[in-house]
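Q: Sequence:
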Amino acid sequence: MEVNNRYVTITKHIQGSAKESDFELKVAPLGLSVEPGSNDIIVKNLCVSIDPYQLNRMKSYSSSQKTVQAAVGISPGLPIDALGVGKVLVSDNPEFVKDDLVVGFVHWGEYSVVKGGMLRKLDPKTELPLSYHAGILGLSGLTAYAGLFEICKPRMGDKVFVSAACGSVGNLVGQYAKLSGCYVVGCAGSRDKVALLKEKLGFDDAFNYKEETDLNSALTRYFPDGIDIYFDNVGGDMLEAAVANMNPSGRVAACGAIAEYSDAAKRAAPNMIDVIYKRIKIQGFLAMDHISLHSVRGSADESDFELKVASLGLAAEPGSDEIILRNLFVSIDPAQINRMKSYSSSQKSVKTESGIVPGQPIQALGVAKVLVSHHPEFGKDDLVVGFIHWGDYSVQKVEMLRKLDPTIEFPLSYHLGVLEFNGPSAYVGLFEICKPRKGERVFVSAACGSVGNLVGQYAKTSGCFVVGSAGSNYKVALLKEKLGFDDAFNYKEETDFKSTLQRYFPDGIDIYFDNVGAEMLEAAVANMNKLGRVAACGVIAEYTDGGKRAAPSMIDIIYKRIKIHGFIATDHSNLLSDFMTTTIDYIRSGKIKVLEDISVGLETIPAAFTGLFHGHNVGKKIVKIADE
Numbered sequence: 001m002e003v004n005n006r007y008v009t010i011t012k013h014i015q016g017s018a019k020e021s022d023f024e025l026k027v028a029p030l031g032l033s034v035e036p037g038s039n040d041i042i043v044k045n046l047c048v049s050i051d052p053y054q055l056n057r058m059k060s061y062s063s064s065q066k067t068v069q070a071a072v073g074i075s076p077g078l079p080i081d082a083l084g085v086g087k088v089l090v091s092d093n094p095e096f097v098k099d100d101l102v103v104g105f106v107h108w109g110e111y112s113v114v115k116g117g118m119l120r121k122l123d124p125k126t127e128l129p130l131s132y133h134a135g136i137l138g139l140s141g142l143t144a145y146a147g148l149f150e151i152c153k154p155r156m157g158d159k160v161f162v163s164a165a166c167g168s169v170g171n172l173v174g175q176y177a178k179l180s181g182c183y184v185v186g187c188a189g190s191r192d193k194v195a196l197l198k199e200k201l202g203f204d205d206a207f208n209y210k211e212e213t214d215l216n217s218a219l220t221r222y223f224p225d226g227i228d229i230y231f232d233n234v235g236g237d238m239l240e241a242a243v244a245n246m247n248p249s250g251r252v253a254a255c256g257a258i259a260e261y262s263d264a265a266k267r268a269a270p271n272m273i274d275v276i277y278k279r280i281k282i283q284g285f286l287a288m289d290h291i292s293l294h295s296v297r298g299s300a301d302e303s304d305f306e307l308k309v310a311s312l313g314l315a316a317e318p319g320s321d322e323i324i325l326r327n328l329f330v331s332i333d334p335a336q337i338n339r340m341k342s343y344s345s346s347q348k349s350v351k352t353e354s355g356i357v358p359g360q361p362i363q364a365l366g367v368a369k370v371l372v373s374h375h376p377e378f379g380k381d382d383l384v385v386g387f388i389h390w391g392d393y394s395v396q397k398v399e400m401l402r403k404l405d406p407t408i409e410f411p412l413s414y415h416l417g418v419l420e421f422n423g424p425s426a427y428v429g430l431f432e433i434c435k436p437r438k439g440e441r442v443f444v445s446a447a448c449g450s451v452g453n454l455v456g457q458y459a460k461t462s463g464c465f466v467v468g469s470a471g472s473n474y475k476v477a478l479l480k481e482k483l484g485f486d487d488a489f490n491y492k493e494e495t496d497f498k499s500t501l502q503r504y505f506p507d508g509i510d511i512y513f514d515n516v517g518a519e520m521l522e523a524a525v526a527n528m529n530k531l532g533r534v535a536a537c538g539v540i541a542e543y544t545d546g547g548k549r550a551a552p553s554m555i556d557i558i559y560k561r562i563k564i565h566g567f568i569a570t571d572h573s574n575l576l577s578d579f580m581t582t583t584i585d586y587i588r589s590g591k592i593k594v595l596e597d598i599s600v601g602l603e604t605i606p607a608a609f610t611g612l613f614h615g616h617n618v619g620k621k622i623v624k625i626a627d628e
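In full-length UniProt numbering, the protein residues as written are 1 to 628.
Worth flagging that the hints you see were computed from the coordinates, not collected in a lab. Don't be surprised by glycine CBs; every beta carbon is placed ideally from N, CA and C. Check each hint, because a few of them may be wrong.
[Stated by the list, open to error] The calculated DSS-like cross-link candidates involving lysine-lysine, where the alpha carbons are at most 30 Å apart (straight line), are:
(1) K482 with K624
(2) K308 with K281
(3) K198 with K210
(4) K59 with K26
(5) K624 with K403
(6) K460 with K397
(7) K369 with K380
(8) K87 with K44
(9) K308 with K397
(10) K98 with K397
(11) K591 with K480
(12) K121 with K26
(13) K460 with K591
(14) K210 with K403
(15) K308 with K153
(16) K44 with K115
(17) K624 with K480
(18) K98 with K341
(19) K480 with K563
(20) K397 with K369
(21) K460 with K482
[Stated by the list, open to error] Each pair of labels, with its calculated beta carbon distance range:
(22) K98 with K498: 47 to 57 Å
(23) Q15 with D392: 56 to 66 Å
(24) H13 with G181: 45 to 55 Å
(25) T570 with K482: 22 to 32 Å
(26) K87 with A310: 14 to 24 Å
(27) L312 with T570: 23 to 33 Å
(28) T11 with S33: 23 to 33 Å
(29) S38 with K281: 45 to 55 Å
(30) D392 with E150: 28 to 38 Å
(31) E481 with M580: 23 to 33 Å
Generate coordinates for the entire structure from the input sequences, incorporating the hints supplied.
A: Printed below as a string of C-alpha cells:
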C-alpha cells in the first residue's frame, strides 16, 4: 500500500527572519511497509512542535549546527524534523505495535519513517492532551525545569525575571518559580499577554517590553531590590539590562536568544565589570545537557532508579497473544546500562537492546510463571523464560517467551545464566569465534563474571592453558581453586597490563576472550601470537566512560594476522542444540561449576545493578523476586 505524504521543507537556506515564502509544501509517495530487521517504524503524525531555535537549523551556517546533534542543519527540499506526537502505522520494532501512540523526533509532514530509538511510547490511558508531550512534558518543560532548578537553584524569596514569559519555556519557568516561593516578573510583547501572565499564570507582575524605551530603567522600576535570577530567552538589550540590575551572586540561565536568531547585530554586550564584581554566573545550557534528570549517563547510581507502583488488571483479551506473568527471577547484566543512556550505538544494532524510556518498566531476561493466558501454547502455571520486566508482574507477547520443562533437575535461575544468554555467549565466543586447539594459551578478562567464568571452564575442557583476570584476591583464589584456571591475577594490583600479561604468558597469547576492552584489550593484542583470535564480547570499561576506548596496535593486528571479532550469541542460534547438550553434560559431570550471586527482593535491583560496575558480583548476578 502506498500513500501520498505531504511534508514541509525550506526552498533555500534562510538568512534573517523567516518568511512564509521560504517554505514549500511537497508531496511524495510513501510505501506503508518496512524492511524486516530494519527497526523502522512508520508513524502518522498527529501534532508537531514549532520552536524558534529551528531557524538556526534553516540557515546555511549557525554555530549551533556543529554543537548539538538535534540542531544539525536542515537541507532545502528535505523534510524538517521536530519533536512531535504520532500514531504507529507499521512497525519492525518489537517495542512498538500498530496504533501505539509515540512521542519523539518526527517530520513536519503527514507521515514519518523513524528508528525506534528516536521514539518513546505514550500511555494511551493518560488523561492529558497528546499535545502536552510536545510542550510541557517534552523539551519545553524539561528546558524550563533544568534551567531554573539545575542552573539557577532558586531559594524562597528570590527575585526572578523571565523574558519571553508567554513563550513555551518562559511561562513554565515563571510558574515553577512561584511554586518555589519566588517573586516573579515577566515581560511579553502585548498587553493581552501581560494580563494573562498576571491573571492566569500567577506572575507577581509583568510588562510589555514594546512600550518601554529604556529596558534598564524598566527593570529598576520592577525590581527596586535587584534581580537574583534571570531566565533569558531573548538575549540582546534585555540581557544587558538584566545584568545591570542583578544582585551579587546573581544567576542567569541562557536558554534562548531569539533577538539574535534573525539579527546577529543584536548580539548582547553585558557589562563584564558587573559580571565580575557581582560574581554573576551566566550559563548557557540545553535540555539535553540535563537528560540525567531522566536517563543514566556514565556510571549508574542507585538514585537513578525508582520503584514505582501501578495497578494491573489480571485479565487478558480473548484471542490476544499477550500473557500475564508472575516474575520469579530477573537477570542483571552490565550491558543494560547502554539501554539506559539517552544514546548508544548498540540501541540501533540489536532489537533487544533498544533504549529504555524513563518512567517505563525495564525489560530484561527473566524466569516467570504464567498467571493468565488465552494462547494455546501457554497454560496457567507454566514456567517460562524470556524478556520480562524488572517488576513483580509482566504483560508480554508470547513471541518473547519460551516454555521451560518443569521436570528439569536444575534450579530455575540457571536459565538466566549458564543455560541462557551468558552460557551461549561463552560457548559461541570460544568455540565458534576462537576455535581453540589443545595446548593453546587463553586469556579471559572479567573472569569471575557471568560469561568469563564459563569461558575459562570451557577452555579447560578443551585442553587449553587458561589465565583469568579479576578484581579481588578472593576472586583470583576462586578461579584457581574452584574453577580450575591454571592461573589468575588481580588487575587492580597491576600498574602495567602489558608487562603483567607478558609475565603470565611468556610464550604469548593465542586466544583472548574480551569482556572489558580499553587498556586490557591493548595489552592482550600486544602479547598475542601470530594468528591470534580475540572474541569481543563486552566492553564494561567503556560502558561508563567513552574516554577509555581501546586503541590496540594496528601494526600488531596486521603483521600478526590477529582476528578481532565482535559477536552476539543470538547470531549463532544454530549452535543452541549443541550448546545445551554439551553444557548440561558438563554440569552433570562436574566439569563446569555454576557461579551465581542471587539477591532477594525487587527493591534490591538498583544495588545489584550498580554493584556490577564496582565488582561486587561473583559469577552471574540474579535477583529473586518471588518463590515459585
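Q: Each hint needs a verdict: does it hold in this structure or not?
A: Taking the hints in turn, this is what the structure says about them:
At most 30 Å may separate the alpha-carbon atoms for a hinted pair to count; K482 and K624 meet this at roughly 25 Å. Taken as a hint, the K308 and K281 pair is broken in the structure, with Cα atoms around 37 Å apart against an allowance of 30 Å. As the CA atoms of K198 and K210 are separated by approximately 17 Å, the hinted pair is consistent with the 30 Å bound. For the hint linking K59 to K26, the alpha-carbon distance of about 20 Å falls within 30 Å, and the restraint holds.
The suggested pairing of K624 with K403 holds, with an alpha-carbon distance near 19 Å, which does not exceed 30 Å. For the hint linking K460 to K397, the alpha-carbon distance of about 40 Å lies beyond 30 Å, and the restraint is violated. Between the alpha carbons of K369 and K380 the distance comes to roughly 8 Å, so the proposed pair stays at or under 30 Å and holds. Between the alpha carbons of K87 and K44 the distance comes to roughly 5 Å, so the proposed pair stays at or under 30 Å and holds.
Taking the CA atoms of K308 and K397, the gap is near 22 Å; set against the 30 Å cutoff, the hint holds. The straight-line distance between the Cα atoms of K98 and K397 is roughly 14 Å, inside the 30 Å bound, and the hint therefore holds. Between K591 and K480 the CA atoms are separated by roughly 14 Å; this keeps the pair inside 30 Å, and the hint holds. Taking the CA atoms of K121 and K26, the gap is near 28 Å; set against the 30 Å cutoff, the hint holds.
Only pairs whose Cα atoms come within 30 Å are accepted, and K460 paired with K591 is accepted, the gap being roughly 9 Å. At roughly 70 Å between alpha-carbon atoms, K210 and K403 are farther apart than 30 Å, so this suggested pair is violated. Between K308 and K153, the direct Cα distance comes to roughly 27 Å. Compliance with the 30 Å bound is thereby established for this hinted pair. Straight-line distance between C-alpha atoms of K44 and K115 comes to about 14 Å, which keeps the hinted pair within the 30 Å bound.
For a cut-off of 30 Å, the pair hint linking K624 to K480 stands: about 29 Å separates their Cα positions. For a cut-off of 30 Å, the pair hint linking K98 to K341 stands: about 26 Å separates their Cα positions. Distance hint between K480 and K563 is fulfilled; the C-alpha atoms sit about 28 Å from each other, no more than 30 Å. Among the hinted pairs, K397 with K369 is consistent with the structure: their alpha-carbon atoms are about 14 Å apart, no more than 30 Å.
For the hint linking K460 to K482, the alpha-carbon distance of about 13 Å falls within 30 Å, and the restraint holds. For K98 paired with K498, a C-beta distance near 55 Å keeps the hint of 47 to 57 Å intact. Range check, Q15 to D392: Cβ separation about 58 Å, and the 56 to 66 Å hint holds. Between H13 and G181 the beta carbon distance is about 46 Å. The supplied range of 45 to 55 Å therefore holds.
Look at T570 against K482: about 30 Å separates their beta carbons, and that is inside 22 to 32 Å. In this structure the supplied range 14 to 24 Å holds for K87 paired with A310, their Cβ-Cβ distance being about 23 Å. For the pair L312 and T570, the beta carbons lie near 29 Å from each other, so the given range of 23 to 33 Å is met. With their beta carbons about 31 Å apart, T11 and S33 fall inside the hinted range of 23 to 33 Å.
The hint said 45 to 55 Å for the Cβ distance between S38 and K281, and at roughly 46 Å that hint holds. The beta-carbon spacing between D392 and E150, approximately 33 Å, falls within the hinted interval of 28 to 38 Å. At about 28 Å, the beta-carbon gap between E481 and M580 stays in the expected band of 23 to 33 Å.
Violated hints, listed in ascending order, are 2, 6 and 14; each of the other numbered hints is respected by the structure.
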